Amino acid sequence: MIAMFRAVLYTQWKWSRLIVVLGTVAAFAIPLLSLQGAARADRGALQAQELLRAVQSWGTLYPLLATALGLLMAIAAWAADHRGRHIHALTLPIERWRYVLLRFGAGFVLLAAPIVAVLIGSSLAALTATLPPGLQSYPIALVVRFAFAVFVAYAVFFAVSAGTARTAGIILGVIAALILVQVVASIANLDLNLMNVAQTVLLLGPGPLAVFTGRWMLVDV
Amino acid sequence: MSDAIHIERLHYRAGKTFEIQELDLHVPSGSIYGFLGPNGSGKTTTIRLILGLLRPLSGRITVLGLPMPEQHARVLAQIGYVPEQPHLDTTLTVRELIDFQAAFYPRWDRARAAELVERFELDGEHLFGRLSKGQKAKLMILLALAQRGDLLVLDEPTDGLDPVVRRDILSALVTYVSEHGATIFISSHLVHELERVCDWVAVMDEGRLITEAPMEKLKHGTKRLVVTGAPAEIVNPPFRLLTRESANGGGAGENWVVGDWEPGMTSYFESVGAAVRDVIDLDLEDGFVELLRSFRKGGAGR
Chain X
1 MIAMFRAVLY TQWKWSRLIV VLGTVAAFAI PLLSLQGAAR ADRGALQAQE
51 LLRAVQSWGT LYPLLATALG LLMAIAAWAA DHRGRHIHAL TLPIERWRYV
101 LLRFGAGFVL LAAPIVAVLI GSSLAALTAT LPPGLQSYPI ALVVRFAFAV
151 FVAYAVFFAV SAGTARTAGI ILGVIAALIL VQVVASIANL DLNLMNVAQT
201 VLLLGPGPLA VFTGRWMLVD V
Chain F
222 MSDAIHIERL HYRAGKTFEI QELDLHVPSG SIYGFLGPNG SGKTTTIRLI
272 LGLLRPLSGR ITVLGLPMPE QHARVLAQIG YVPEQPHLDT TLTVRELIDF
322 QAAFYPRWDR ARAAELVERF ELDGEHLFGR LSKGQKAKLM ILLALAQRGD
372 LLVLDEPTDG LDPVVRRDIL SALVTYVSEH GATIFISSHL VHELERVCDW
422 VAVMDEGRLI TEAPMEKLKH GTKRLVVTGA PAEIVNPPFR LLTRESANGG
472 GAGENWVVGD WEPGMTSYFE SVGAAVRDVI DLDLEDGFVE LLRSFRKGGA
522 GR
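Respectively, the protein sequence lines represent chains X and F. Position 13 of the first sequence, counting from 1, maps to 13 under my numbering, and the rest follow consecutively. Count along the second sequence from 1, then add 221; that gives the number in my numbering.
It should be emphasised that the hints constitute simulated quantities derived from the structure, not laboratory data. Errors might be hidden in some of the hints.
What the hints assert, rightly or not - Where chain F lies over chain X, by a calculated footprint (3+ residues, C-beta under 8 angstroms):
#, stretch
1, 7 to 18
2, 77 to 86
3, 92 to 106
Predicted model only: the values in this text are computed from it and were never measured. For every residue, glycine included, the Cβ atom is placed at its ideal position computed from N, Cα and C.
Use the sequences and the hints to build the structure in full.
If you want it as structure tokens, here you go:
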């Protein structure tokens with residue numbers, strides 16, 4: 001099984017190395033850039049309020065990066081199999097669920113690079129920054145959250161990407177049906193807001209996508 | 222002799238237009254079994270059912286003594302498969318594809334793989350997507366052979382290839398069978414090619430099996446007869462009547478194409494007041510065409 005995993009990991013690295021490298025560079029740079037003002041000796045430390053505002057605005061990039069990495073890695077994981085109509089994968093002497101698990105695991109191992117880059121970047125930023133009194137850095141909490149967001153994004157997109165065109169059609173069909181019901185409800189003046197319901201269910205805790213919302217702060221009170 | 226592939230009363234439907242009905246196949250172990258049929262006859266679908274890529278509606282498939290698709294992982298470990306269309310990732314090199322495949326097959330033969338790379342003149346650093354059609358086919362055969370499987374399933378492996386590449390591939394297959402005693406199940410519509418290497422043959426059309434027989438029996442048992450004085454209706458002939466039509470000019474009698482023919486059967490015609498004026502050998506391709514014509518007219522049974 002180890003040899004199989006190594007083989008799958010190698011192919012996935014070959015398909016997605018550009019994504020991994022660019023993602024790792026971005027993951028390393030974002031925490032450093034978010035605290036660059038605090039580290040400037042010539043201007044002195046920014047006031048706590050300004051610093052928090054800067055950290056918060058840079059913080060929106062973490063969930064975006066996590067989503068982009070999850071999406072692109074999931075597409076890369078299945079693109080070759082889709083092109084070959086899955087014949088090669090399905091004729092390998094391995095249970096199909098094991099093969100899916102190997103692909104999933106290999107992708108997540110590769111995603112460890114940007115996660116580690118966030119850890120190094122945020123630790124380095126926290127060490128070199130001069131923080132105003134009352135503020136603290138939370139590099140570990142940020143990394144754990146980023147890792148979880150990457151995992152969730154990758155898992156969701158991996159599941160969708162692993163499916164057939166029919167699966168994608170069903171998902172799009174459900175979304176289209178929701179929009180249609182919403183439009184009809186609006187025309188009929190019914191008190192029904194499906195978008196709000198969807199947003200509440202998905203994005204508010206303990207919704208599956210809640211990790212992407214809220215403030216992503218490397219530095220906070 | 223046990224069967225490497227045993228299919229009983231298989232039924233499969235794809236959409237509203239195509240179905241495989243009541244298919245029975247028996248591929249003896251150690252044989253080179255040719256699976257003939259025109260395009261769209263159901264050969265590739267049958268192969269996909271054998272490999273567990275599709276699920277039948279009913280019927281039983283046993284491959285190397287194990288039920289499919291239930292035991293597909295164990296069975297596929299013993300099968301080398303070459304599909305009709307290249308199925309490998311175009312962005313990987315020859316060496317990377319060999320390494321990938323090696324990781325999944327417990328009986329992978331590295332020495333054989335290296336030998337075949339040289340014999341087929343493949344460059345390990347070339348991307349699969351940049352290989353010629355012949356090189357792609359050779360690489361797929363290499364991957365199937367280096368697995369050291371007990372069964373090779375080849376779906377039109379030489380279709381569209383030049384004669385030199387075809388010969389290289391067939392020679393590698395025959396060598397493999399003679400060294401390992403493996404079974405080869407090879408589908409094709411290139412009748413002459415199968416005639417050279419196969420010892421069993423099955424013919425399929427419109428999702429149904431027309432015939433399954435040893436190659437010698439099919440080749441030597443299919444004849445064109447020139448018959449005179451035959452009655453309009455014939456009862457219980459000892460051979461299979463595939464087609465019957467008037468010879469040119471009418472007075473010259475009739476042309477009959479028969480299967481399961483044996484020399485002593487001319488006496489049957491005497492018993493019904495007819496005479497056989499000539500017995501003409503048909504090669505496999507002629508026999509194949511006559512079988513198809515007869516089947517499509519609703520004539521040929523097994």
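Quick rundown of the hints versus the structure:
Requiring three or more residues with a Cβ within less than 8 angstroms of a Cβ of chain F, the coverage given for the stretch 7 to 18 of chain X holds, as 5 such residues are present. Proximity of the stretch 77 to 86 of chain X to chain F, defined as three or more residues with a beta carbon under 8 angstroms from a beta carbon of that chain, is established by the 4 residues found. As drawn, the stretch 92 to 106 of chain X meets chain F at 4 residues by the rule of a beta-carbon pair under 8 angstroms; at three or more, the given contact holds.
In the structure shown, no violation is registered for any of the earlier numbered hints.
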